[in-house]
Every structure is written in C-alpha cells, then in structure tokens.
Amino acid sequence: MNTTLPHEKLTLLENFGHSLRSPAYVFQPTEVDEIGQAFELTKQTSLTVTLRGAGRSYNDAALNGGGIVLDLQRLNHIRTWNPESGIICAEPGVTLQQVWQTVLPDCWWPPVVSGTMFTTLGGCLGMNIHGKNNFRMGTIGEHVLEFTAWLPTGAQVTCSPKKNGDLFRAMIGGMGMLGVFTSITLQMKRVHSGLLEVEAWNVPDLKTHLHDLEARKEDADYLVGWMDCTAGGRGLGRGQLHQANYLHEGDDPDAKKTMQVEHQTLPARFFGLLPKSILHTCMAPFMNNLGPWSANTAKYLIGRHKTYRQPHAAFHFLLDYIPDWELAYGRDGLIQYQSFIPKETALDAWTEMLNLSHRRGLPAYLGVTKRHRPDNFLLSHAVDGYSLALDFKVTDGNRSTMAQMLQDFDRITLAAGGRFYFAKNSETTAETAIRFLGEETVVKFRLLKKRCDPYNLLESDLFRRVFSDA
Amino acid sequence: MPPITTPLPRRATPLQPRRRAIIVGASSGIGLTLARRLAREGYTLALLARRADLLASLCEEINNAAGETRALAYPHDVTDYDTLPDLLQRIVADLGGLDLFIYNTGISLPVGLKKYDFEKDRRTTEVNYLGALAWLNPVAAMFQSLKAGQIVGLSSVAGERGRVGNPSYNASKAALTCYLEAMRNRLSRYGVNVLTAKPGFVDTDMILGAKGTFWVIPAEQAAADICRAIRKRRQEVYTPARWRWVMLIVRNIPSFIFRRLIF
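Taken in order, these protein sequences are the chains called A and B. FYI, the working numbering numbers position 216 of the first sequence as 216, with every residue one higher than the one before it. FYI, the working numbering numbers position 54 of the second sequence as 54, with every residue one higher than the one before it.
Please note: incorrect hints may appear among the correct ones.
To be verified - List of simulated lysine to aspartate or glutamate pairs, EDC-like, C-alpha gap at most 20 Å:
| hint | chain 1 | residue 1 | chain 2 | residue 2 |
| --- | --- | --- | --- | --- |
| 1 | B | K147 | A | E14 |
| 2 | A | K9 | B | D86 |
| 3 | A | K43 | B | E181 |
| 4 | A | K256 | A | D205 |
| 5 | A | K163 | A | E14 |
| 6 | A | K299 | A | D166 |
| 7 | B | K147 | A | D332 |
| 8 | B | K147 | B | D117 |
| 9 | B | K147 | A | E8 |
| 10 | A | K43 | B | D94 |
| 11 | A | K189 | A | D205 |
| 12 | A | K450 | A | D166 |
| 13 | A | K189 | A | D221 |
| 14 | B | K232 | A | D396 |
| 15 | B | K232 | B | E181 |
| 16 | A | K9 | B | D94 |
Unchecked claim - Take a look, some chain B residues computed to stay more than 12 Å from chain A by CB distance:
| hint | residue |
| --- | --- |
| 17 | Y116 |
| 18 | A140 |
| 19 | F143 |
| 20 | T204 |
| 21 | T213 |
| 22 | F214 |
| 23 | C227 |
| 24 | R251 |
| 25 | I262 |
Worth flagging that the hints you see were computed from the coordinates, not collected in a lab. Note that the Cβ used here is the ideal one computed from N, Cα and C, for glycine as well.
Whenever a hint applies, use it, and build me the whole structure from the sequences.
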C-alpha cells in the first residue's frame with residue numbers, strides 16, 4: 001500500500017496570472033539533501049512531483065494538481081561570489097534580486113534578467129529566460145558555466161557546456177522535468193555604472209515598430225518595445241521603443257554611488273504620495289476594454305523622443321513597478337500569449353493576429369516586443385526574429401471566444417515558422433508543441449527524460465499538457 | 001483503479017477550466033443520473049461504487065458522449081475504510097484537484113414491523129453513516145485546508161422522524177443529516193459549502209417492492225434538483241420541493257399521535 005500524505009497538507013497554489021488554481025502537497029526543503037527525500041516520498045506515494053520557485057510562470061509550469069510540489073525558495077544561499085572574476089555560485093532558490101544586489105556594488109550585473117527580479121535562478125534556468133538583450137547576449141543558459149543537479153534516479157551530476165553537454169542543453173529550458181538544480185554557477189557582466197543610457201521614441205505602426213527593432217539592434221545593448229494593442233487601423237502595432245546602453249568607463253562621475261543598492265531601489269510611492277501597494281486595487285475597476293484603451297492612447301500621445309539615464313533595476317524590472325499588478329485583472333486573472341516569429345514573416349503574422357483580436361473584441365491590454373536570436377538549447381523558444389507578448393484579461397464570458405482566438409494565433413504562428421515559450425502560453429497543446437519543436441527534438445527529450453527519470457516522478461501540469469501522448 | 005486503457009482527463013487551463021467531482025455510489029439511481037448530468041455540465045468525474053461492471057459501462061457511455069475522458073471508474077466498497085485515504089489521494093491526483101464531493105451511497109434493509117435484526121441494522125449504519133463519515137472526514141480536512149470546495153450528502157426525508165417501519169434507516173439518515181449540519185457549521189467559515197439533499201420517494205432500486213410509496217419522482221428529476229442546488233450553493237434541498245412543507249408538518253406532529261401511526 002502507498003504512503004498517504006495528510007490531506008490537510010493540501011495547499012491551493014496559483015499561477016502568476018491568478019487564472020489557475022490547483023491544490024498540491026507542498027514541501028519546502030531547507031537543505032539540498034532533502035531533495036533526495038522528496039523523490040523517495042514521491043515514489044512511496046505513487047504521486048508525481050513538480051518543482052516550483054517563485055511561482056512567476058504565467059501558466060501551469062509550477063502546478064501539479066493533486067500531486068507534490070517541491071518549493072525550492074528556501075534553498076536560497078549564495079555559495080560563493082568572486083568579485084574579481086564575476087563568477088557567482090548559488091542555490092536554485094536564490095532570486096535575481098539577491099544576485100544583482102550582491103554583484104552590482106562590485107561593478108557587475110547579471111548578463112540576462114527577466115522583467116521581474118523575484119524569479120529564482122532555478123526557475124530562470126528551468127525556463128531558460130531571456131531579457132531585453134536576447135539579440136545580443138542570448139538566454140541565461142548561455143552564461144551558465146556549470147551546474148550540479150539531483151536526478152530522480154538518485155544520481156547527482158555536474159553539467160557544463162563541455163561536460164554532459166546533452167544534459168546541459170536539455171535541463172536548461174527543460175521545465176524542471178529532468179532533475180533539480182542544486183547549485184548554479186553563472187558568469188556576470190562587467191558594468192561601469194549603476195545607470196543605463198536610455199533612449200525612448202514613438203513608432204506609428206507595426207512596420208516601423210519592427211523596422212526600428214531591426215535597425216537599432218547593432219548598436220543597442222538592450223532593446224524593448226511597448227505596443228499599444230488597443231489601437232487598430234493605421235495605428236495597428238504603434239507603440240514606443242526603448243533602447244538602453246551601458247555607460248563606458250568614466251561616463252558616470254558618481255559610478256560608485258549609482259552602483260549602490262539604495263540608488264537602484266524603486267520608489268515606494270507614486271508622485272511621492274500614493275503608496276504603490278494599493279495601486280492595483282485602484283486599477284481594478286478600469287481593467288475593461290475602455291480603461292487600457294485610454295491609458296495606452298494617452299501614453300502614446302504624450303510619448304516624445306527623449307534620452308535619459310536610468311538605474312538598471314528601474315529599466316529592467318518593469319513588472320515590479322506596481323506590486324501585485326496582476327491582481328488588478330480581477331477574479332479570473334490574466335493570461336499571456338507570446339509568439340516568437342522569424343523576422344521575415346513577423347509583420348504579416350502579427351498584422352493578422354492584431355486584426356483578429358480587434359475583430360473578436362478582445363484587444364490585449366499590454367503588448368511587449370523584443371528582438372531575439374536562436375540558441376542551441378534542446379527545447380528552445382528563440383528564433384532569428386521578434387517576439388510579441390500579449391496580456392489578456394480572462395473573464396467568465398470571454399473564455400470560449402478567447403480560446404478560439406488563441407487557436408487561430410497558434411495556427412498563424414506555426415504557419416509563419418514561429419515558436420512558443422513554455423513559461424508563458426497556457427493553452428499550447430501537445431500537437432502544437434510537437435509541430436514547432438519537431439518530432440526529433442521531442443523524441444530526444446523523451447529519451448533523456450527516461451534516462452534521468454525512469455519512474456516519471458517529475459511531472460507538472462505543463463508537461464502533461466505539452467508532452468502528453470495524445 | 002481505473003483501467004490502464006483510459007487516458008487520464010485533461011487538466012484545467014485558464015481558458016478551459018474544469019470542475020472536478022467525486023461521486024460515491026454512482027452505479028445506479030440518483031448517483032448515476034447525477035454523474036450523467038454533471039458530465040454534461042463539463043465536470044471531470046471520479047465514479048465509485050461496488051459494482052465494477054456497471055461503473056465501467058457508465059464511464060464508457062459518458063466518455064463516448066463527451067469524446068474525451070470525463071469519467072474514471074474506481075470500484076470501491078464504502079465499508080472498506082482502510083483503503084480509503086490512499087484511494088482519495090489517488091483520485092485527487094488523477095483528477096488534478098477536487099471541487100465537489102457527493103456521498104450518495106445508501107441502502108435500506110427493512111426488517112418488518114415487529115422484527116429486529118442487528119446484522120441488517122449494522123449494515124445499514126455502516127453503509128449509510130459510517131461510510132459517509134469515513135469519506136467526509138478526509139474530504140472536509142482537504143477542503144478546510146484549501147478554503148474551497150463543495151460537499152453534498154444524500155440524506156433523506158426519512159431522517160426527520162423515527163418511524164415504526166424502518167428504524168435503522170431513519171436513524172442512519174438522521175445521523176447523516178446531523179453530521180452534515182455540523183460539517184456545514186465547521187466549514188462555512190472556510191468558504192466550503194455543504195449541501196444536505198433530502199429526496200422523498202425516488203424511482204430507484206431502493207423502493208423496488210416497497211409498499212405505500214407516493215409522489216414517486218424519476219431519478220433524473222432528483223438529480224436536476226440537486227444540481228441546481230449545487231450551482232446555487234444551497235445548504236439544503238428537498239426533492240421534490242413540496243416535501244419541505246410536508247416535513248415541516250411531520251416534524252411537528254406530537255409524539256402521542258406519531259406513535260400511533262403505522263408507516
């Protein structure tokens with residue numbers, strides 16, 4: 001007979017968008033050795049286990065309905081930091097916030113960061129995150145010198161680009177389905193100031209939007225576009241681009257000061273008055289088609305060409321500006337749909353997608369564009385092209401229309417030779433996954449999975465969805 | 001355990017949410033009609049009963065109609081208390097969660113107006129009441145911890161008075177009603193809804209050969225009333241509704257009259 005876990009230990013977990021709720025038995029190891037115990041327990045209970053970091057995936061990546069979830073947030077020690085070489089070695093629960101706050105005062109910055117600083121390194125590697133500099137620096141996996149991992153077989157392995165290379169390229173971006181990272185060694189990037197030189201300008205339509213992303217990529221360190229997806233017609237795809245560049249040595253007279261953590265901290269109040277913690281509550285009543293249309297239109301109309309200097313944290317971590325902003329989307333939460341499309345086909349594909357969303361009356365409230373480059377990780381989402389991330393509000397009434405629309409989006413993306421990212425889209429099916437990854441890749445991943453996890457202990461709701469046999 | 005050939009149901013996504021339910025006692029009667037109705041409403045179901053063949057054909061019928069796995073069969077005897085915690089854990093993992101739990105199992109073993117039979121009474125109590133307790137305790141613990149969920153107990157109008165005809169059945173249903181009320185008082189503060197369903201005479205195996213039945217309704221009607229009450233998160237439902245008023249009177253018949261009645 002199986003071991004039974006106490007039923008009162010079930011905890012209701014959510015995805016980052018608060019659009020999914022799923023119960024699981026949550027275990028939170030404080031020592032690396034407990035990972036082995038967790039695998040043993042999973043085997044005894046005949047359940048499955050999913051790894052969870054900060055829970056910042058927009059979909060079901062860190063959910064395991066009715067199973068075990070291994071929350072790794074308390075494995076959060078930075079083991080070594082070498083300010084000379086810029087090499088950091090840390091446990092998987094260490095957040096990007098911990099990393100940049102450790103390295104910046106020594107004139108370093110993480111080479112790749114997500115839009116929020118609360119993600120954990122384990123999660124960042126599991127999903128192989130990219131930043132606003134993907135076209136230049138690639139994904140975070142390209143800056144991993146080495147990692148150690150605990151496999152469900154009980155084996156502990158060390159992987160680097162040269163050692164166990166196949167596992168290295170599969171575990172990074174492997175959705176946590178092959179093993180648990182126990183330590184991660186990363187190379188930081190040298191910076192000479194706590195500030196970035198930022199330039200912002202408006203783009204009137206999608207064509208200019210993509211053209212500028214292309215034209216600026218040669219001399220930009222970071223490049224990101226905001227898209228007003230509520231605008232249709234001639235303004236379809238209009239928005240604002242931001243380019244940021246590192247300062248050179250000597251450009252910042254106060255470099256020592258600007259690289260202090262205090263200088264980077266985001267303000268706690270808006271206009272020095274309104275506490276940001278209550279802002280999402282104030283936003284909630286306006287999260288209907290009209291509210292974001294007004295805000296986006298105003299943002300576009302008052303947008304001017306300007307240059308300014310901005311702290312790294314303020315430029316990168318836009319999602320952290322308004323704490324709990326995702327709660328403003330209400331009871332049914334939000335979903336994000338991100339498509340990665342080659343540069344040749346992106347314009348037509350997104351024109352079709354954006355027009356479709358207007359026709360269905362379901363405009364995205366936020367759109368973000370980036371420039372990407374391909375990489376050699378097994379489950380890669382990157383292309384030589386662009387990505388567009390769209391945030392949609394979910395309501396009881398719009399679910400079926402939106403599900404239909406996203407199926408059309410998938411069809412358009414696949415026809416354009418595009419790809420998807422497993423930390424974002426919540427509706428990608430196994431059929432779609434196999435089409436963009438290719439059968440050979442899927443077979444390769446399954447073989448590695450069998451080697452690392454012969455009893456299928458590691459399984460998440462995401463894995464069941466995109467790698468189901470159906 | 002469900003047959004290996006049945007693929008597990010798909011998990012919920014934000015745009016395709018799924019409610020998940022367990023029905024204990026689903027092979028016939030009200031349980032069966034509830035299963036069909038809830039499956040049509042989009043629920044993913046774990047169906048439990050002793051009769052494996054009946055369960056298997058019901059699951060097949062539901063899954064064929066839906067064109068996907070929407071029901072899984074778990075042959076189970078409610079008096080098999082020891083295997084229950086493990087089974088519940090397995091089911092919740094197979095369904096990917098649990099939103100609704102329905103305890104429908106019930107038997108009626110009349111002993112005759114002047115006879116006494118402890119074996120029959122014990123069986124009635126074990127199936128109608130102890131089985132319910134064995135299931136509802138862990139389910140309540142789960143829902144309390146999740147601060148969500150719905151529990152439905154199939155009690156009966158028979159639980160409102162002790163009658164000469166079927167003492168242990170009356171007592172088991174009275175105990176179940178009282179227990180469900182206690183659960184409601186415990187769990188409503190955690191956002192958990194507990195519904196006590198009290199059918200009158202329903203056209204199921206239970207009333208086969210029974211004399212003196214009236215206002216007999218088809219099981220479909222009982223299931224429809226109960227499903228509506230589930231949707232509205234009611235605390236109590238009589239089916240058909242007129243029993244509410246009849247039982248109000250019956251509950252208040254003074255003992256010196258009631259003890260002279262024979263039914």
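Please check whether the beta-carbon of I262/B is more than 12 Å away from every beta-carbon in chain A. About 45 Å separates I262/B from the closest Cβ of chain A, which puts it past 12 Å; holds.
Beyond 12 Å on every Cβ pair: is that true for F214/B relative to chain A? 42 Å, holds
For the pair supplied as a hint, K450/A and D166/A, is the alpha-carbon distance within the 20 Å limit? Roughly 14 Å separates the two Cα atoms, so the pair holds.
For the pair supplied as a hint, K147/B and D332/A, is the alpha-carbon distance within the 20 Å limit? 17 Å, holds
Does D205/A lie within 20 Å of K256/A when you go C-alpha to C-alpha? Given that 20 Å is the threshold and the Cα spacing comes to 41 Å, the pair is violated.
Please verify whether K163/A and E14/A have alpha carbons no more than 20 Å apart. Violated - the C-alpha atoms of E14/A and K163/A are around 36 Å apart, more than 20 Å.
Quick one: work out the minimum CB distance from C227/B to chain A and report holds if it exceeds 12 Å, violated otherwise. For C227/B, whose nearest Cβ neighbour in chain A is about 19 Å away, the distance exceeds 12 Å, so it holds.
Need the status of pair K232/B, E181/B: alpha-carbon distance at most 20 Å? It holds: about 18 Å lies between the C-alpha atoms, which stays within 20 Å.
Would you mind confirming whether the straight-line C-alpha gap from K232/B to D396/A stays at or under 20 Å? 17 Å, holds
Is it the case that T204/B keeps its Cβ farther than 12 Å from each residue Cβ in chain A? Per Cβ check, T204/B is outside 12 Å of chain A; nearest 31 Å; holds.
Beyond 12 Å from every Cβ of chain A: is that where the Cβ of T213/B lies? Check passes; 39 Å lies beyond 12 Å.
Next pair to validate is K189/A with D205/A; report whether the Cα-Cα distance is within 20 Å. Answer violated: K189/A to D205/A is near 34 Å, above 20 Å.
This entry does not satisfy hints 3, 4, 5, 6, 8, 11, 18 and 19, going by the numbered hints stated previously.
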